[in-house]
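Visitor: Dock chain S against chain C, hints included.
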Amino acid sequence: MAKTLADLRPVYVVGIGWHRYQEMSSTTYVTLGLQAVRQALADAGIAWEAVESSYVGTALLGMACGRPMLRHLGASGNSIVHIENASASGSTAFRHACIEVASGMSDVALAVGVDKPAKIERGERQAGIPQLAADAIVPFTHFALLTNGYMNAHGVAIEDIARVAVKNHGNGAKNPNAHRQRARTLDEVMSGRRVSGDLTTLQCCPVGEGAAAVVVASEDGIRRLGIDPSRAVRVTSSVARSERVYPPGTGFDAELTRETTAMALEQAGLKPSQLDIVELHDAFTVEELHYVEAMGICKPGQSVHLLKDGALDIGGQVAVNPSGGLIAMGHPIGPTGIGQIGEITMQIRGEAGERQHKGARTGLAHMVGVGAVCYVHTLQAD
Amino acid sequence: MATPLKKPQLYRPAEGHDAKAGSPACLNAVKCACGHVAFPPQHYGCERCGRSGSDLQEEVLSGQGRLLASSTVHMHAAAYPVAPFTVVEVELDHGVVTRGLLAENPPSDLKPGIRVHSILQAEPAEGGDVLDLRFAVIAN
Numbered sequence: 001m002a003k004t005l006a007d008l009r010p011v012y013v014v015g016i017g018w019h020r021y022q023e024m025s026s027t028t029y030v031t032l033g034l035q036a037v038r039q040a041l042a043d044a045g046i047a048w049e050a051v052e053s054s055y056v057g058t059a060l061l062g063m064a065c066g067r068p069m070l071r072h073l074g075a076s077g078n079s080i081v082h083i084e085n086a087s088a089s090g091s092t093a094f095r096h097a098c099i100e101v102a103s104g105m106s107d108v109a110l111a112v113g114v115d116k117p118a119k120i121e122r123g124e125r126q127a128g129i130p131q132l133a134a135d136a137i138v139p140f141t142h143f144a145l146l147t148n149g150y151m152n153a154h155g156v157a158i159e160d161i162a163r164v165a166v167k168n169h170g171n172g173a174k175n176p177n178a179h180r181q182r183a184r185t186l187d188e189v190m191s192g193r194r195v196s197g198d199l200t201t202l203q204c205c206p207v208g209e210g211a212a213a214v215v216v217a218s219e220d221g222i223r224r225l226g227i228d229p230s231r232a233v234r235v236t237s238s239v240a241r242s243e244r245v246y247p248p249g250t251g252f253d254a255e256l257t258r259e260t261t262a263m264a265l266e267q268a269g270l271k272p273s274q275l276d277i278v279e280l281h282d283a284f285t286v287e288e289l290h291y292v293e294a295m296g297i298c299k300p301g302q303s304v305h306l307l308k309d310g311a312l313d314i315g316g317q318v319a320v321n322p323s324g325g326l327i328a329m330g331h332p333i334g335p336t337g338i339g340q341i342g343e344i345t346m347q348i349r350g351e352a353g354e355r356q357h358k359g360a361r362t363g364l365a366h367m368v369g370v371g372a373v374c375y376v377h378t379l380q381a382d
Numbered sequence: 383m384a385t386p387l388k389k390p391q392l393y394r395p396a397e398g399h400d401a402k403a404g405s406p407a408c409l410n411a412v413k414c415a416c417g418h419v420a421f422p423p424q425h426y427g428c429e430r431c432g433r434s435g436s437d438l439q440e441e442v443l444s445g446q447g448r449l450l451a452s453s454t455v456h457m458h459a460a461a462y463p464v465a466p467f468t469v470v471e472v473e474l475d476h477g478v479v480t481r482g483l484l485a486e487n488p489p490s491d492l493k494p495g496i497r498v499h500s501i502l503q504a505e506p507a508e509g510g511d512v513l514d515l516r517f518a519v520i521a522n
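First to last, the protein sequences are chains C and S.
Residue numbers for the first sequence, in this note's numbering: 1 to 382.
Residue numbers for the second sequence, in this note's numbering: 383 to 522.
Think of the hints as simulated: they come from the structure by calculation, not from any bench.
Just so we're clear, the structure is a prediction, and the values are computed from it rather than from any experiment.
Just so you know, even glycine gets a beta-carbon here, dropped at the ideal spot from N, CA and C.
Mixed in with the good hints, there may be bad ones.
What the hints assert, rightly or not - Label pairs and their calculated CB-CB ranges:
no.: 1; chain 1: S; residue 1: 415; chain 2: C; residue 2: 252; range: 21 to 27 angstroms
no.: 2; chain 1: S; residue 1: 491; chain 2: C; residue 2: 302; range: 25 to 31 angstroms
no.: 3; chain 1: C; residue 1: 243; chain 2: S; residue 2: 397; range: 32 to 38 angstroms
no.: 4; chain 1: S; residue 1: 504; chain 2: C; residue 2: 315; range: 56 to 62 angstroms
no.: 5; chain 1: S; residue 1: 493; chain 2: C; residue 2: 245; range: 25 to 31 angstroms
no.: 6; chain 1: C; residue 1: 155; chain 2: S; residue 2: 399; range: 37 to 43 angstroms
no.: 7; chain 1: S; residue 1: 403; chain 2: C; residue 2: 193; range: 29 to 35 angstroms
no.: 8; chain 1: C; residue 1: 250; chain 2: S; residue 2: 488; range: 22 to 28 angstroms
no.: 9; chain 1: C; residue 1: 250; chain 2: S; residue 2: 444; range: 20 to 26 angstroms
no.: 10; chain 1: C; residue 1: 2; chain 2: S; residue 2: 490; range: 52 to 58 angstroms
Next comes chain C alone, as it looks inside the complex (with noise of 0.2 angstroms):
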């Protein structure tokens, strides 16, 4: 019978650091990189060679390119792996520094996110099966398809689903990090340049880059190494699950999210309702009313009334996005999932001054990837 994360042995998230997500610049990725790595072992209180393993998210670098970058920390002669899973890569990454400690092969392990913008064509484009329309379809389109099915389905108009984005550039104002830091009105908002349908540039996700960095331990290792365990935040599930063939009629991005978040949320024993904090997969703004559905937070249809309640805002019933999400903390693909993790754990040890959503003991962070994949995983304060 498989185990689950909860089976194994407890890990923690010890370490959070970044380097800021931003608009393209001549910025190599190693700067970037070194800066989040070196950043959260500081968090820790520990030094890189303790560090026993390296996952190093990445969708659009190219190949090798992690021991380019690690070897300055000093070159260890660990492990070092890339990982790429489209915009779930960094989560990805996340998942399996933790399976490693959680297996008891290493005690710390990293988990690094890194990228610059890039074109880079998909995988699928070489499976030899002729499309229709893909090539006029970009994810914004997928997206702005949902937006008219949604807004059709529950009466819903498009200064509904754009708050999304009012909400979360507020909360990216707030964040050093944050690619995009300045508070919007709806009007700006709805102003902008017009996308795919009534998607316009400041509901959708920006092109950036950036990295993001987390240091995962086991119990021995944070006494080993003299770690502050009240710092320390337990990783509680992990669930990782791919598209399937689903009922005519049934969207495929919402049972997804719905089937992944679920799993996550019994293997950690949690209700939807427990949740303090949700880092969600935001590139565009309905996405975030999509997923708060799937996930059962509250009823298809329903949540447009809780993002003008100010149920999701800091401060409200659960703050989803707190870091800005991917429309403001910024999308560079490799770093975004980690970013989450960090952005969770702060909240959790009740560090994140402005940004802080009081109380906040449980989180959950969720990402989605072209495939589709779709990456869970819930901290919890001990």
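Guide: Frame of chain C, contents of chain S only:
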């Protein structure tokens, strides 16, 4: 003389019609022994059950369906189609869902639930026009 089809693996003129602009079209799909119908057609294996080979048989879809969602694209990085153009998501026979381009500028009453059908439309290409598939609203 018939204009060549851009993607003949995916569609063909409806029976009794020539390959020319405006002709109704039907879609080439595959049906698995398990009952799952898939478009676009492929013979690698059924996504639902994994059967391949002779378990996957050709199935023709009428090209008619129900609009599920639409989006007019305003920004497009490639040369063609030229923005603005409208992408539609359509539910066809056997519950098959596909996405394609709308033939015309979207009518003001384009909303989920209306009936659409498939037609062939001329598209510029090197060496002369080709015919590609478009969805069009069925006029009442």
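Visitor: Could you see if the CB distance from residue 493(S) to residue 245(C) stays within 25 to 31 angstroms?
Guide: At 27 angstroms between Cβs, range holds.
Visitor: Check the following: the C-beta atoms of residue 504(S) and residue 315(C) are separated by a distance inside 56 to 62 angstroms.
Guide: 58 angstroms, holds
Visitor: For residue 403(S) and residue 193(C), compare the CB-CB distance with the range 29 to 35 angstroms and indicate the outcome.
Guide: 33 angstroms, holds
Visitor: Just tell me: holds or violated, for the beta carbon distance of residue 155(C) and residue 399(S) against 37 to 43 angstroms?
Guide: 40 angstroms, holds
Visitor: Per the hint of 52 to 58 angstroms, is the separation of the Cβ atoms of residue 2(C) and residue 490(S) within bounds?
Guide: Holds, at about 54 angstroms.
Visitor: Within 22 to 28 angstroms or not, the Cβ separation of residue 250(C) and residue 488(S)?
Guide: 26 angstroms, holds
Visitor: Does the Cβ-Cβ separation between residue 243(C) and residue 397(S) fall within 32 to 38 angstroms?
Guide: 35 angstroms, holds
Visitor: Tell me if the beta carbons of residue 415(S) and residue 252(C) are separated by a distance inside 21 to 27 angstroms.
Guide: Since the Cβ atoms of residue 415(S) and residue 252(C) sit about 24 angstroms apart, the hinted range of 21 to 27 angstroms holds.
Visitor: Regarding residue 250(C) and residue 444(S), is the given constraint of 20 to 26 angstroms on their beta-carbon distance met?
Guide: 23 angstroms, holds
Visitor: Could you check the hint for me, namely that residue 491(S) and residue 302(C) are 25 to 31 angstroms apart, CB to CB?
Guide: Hint holds: Cβ distance 28 angstroms, inside 25 to 31 angstroms.
Of the hints listed earlier, there is not a single one the structure fails to meet.
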